[in-house]
Amino acid sequence: MPPNQTLSSKPVLGQKKDKTRITVLLGTNAIGTDKLKPWVIGNSKRPRPLSRVNFNHLPVHYRGNPKAWMNSEIFEETF
Numbered sequence: 001m002p003p004n005q006t007l008s009s010k011p012v013l014g015q016k017k018d019k020t021r022i023t024v025l026l027g028t029n030a031i032g033t034d035k036l037k038p039w040v041i042g043n044s045k046r047p048r049p050l051s052r053v054n055f056n057h058l059p060v061h062y063r064g065n066p067k068a069w070m071n072s073e074i075f076e077e078t079f
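For the sequence shown, UniProt numbering begins at 1 and goes up steadily by one.
Since the hints were derived computationally from the structure, they do not count as laboratory data. Heads up, a few of these hints could be off.
[As the list claims (entries may be wrong)] Cβ-Cβ distance ranges computed for the label pairs, FRET-style:
id	residue 1	residue 2	range
1	A30	R52	33 to 43 Å
2	N54	K17	12 to 22 Å
3	E73	K16	21 to 31 Å
4	T28	H57	43 to 53 Å
5	P47	G27	20 to 30 Å
Keep in mind it's a predicted model, so treat the numbers as computed, not measured. Each residue gets a CB set at the ideal place from its N, CA and C atoms; glycine is no exception.
Using the sequences and the hints, build the whole thing.
As C-alpha cells, this is what we get:
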C-alpha cells in the first residue's frame with residue numbers, strides 16, 4: 001500500500017489513492033449460540049489471489065460489488 005504522506009515539498013507524481021475496499025458482515029443471535037457464516041464483499045467478483053480457490057470451500061461467503069458495498073440483492077441473499 002503506498003504511503004498517504006511524503007516529506008517532499010512538491011506533489012508526488014505517479015501515485016494514485018488506493019481505492020481498495022472490503023465490507024464484512026458478521027451475524028449472530030443475542031446470546032451467541034447461533035452464528036452466521038461471515039460475509040465478505042470485495043471490489044471484484046473473483047480476486048486474483050483467489051482465482052484457483054473453490055469459493056464453496058472458503059470459511060466465508062464472498063461476493064463482488066464494484067464499490068464493495070452491501071446492497072439489497074446481497075442482503076436478501078444473506079437471509
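- Item | Hint check against the structure, violated hint numbers in rising order | 2 and 4
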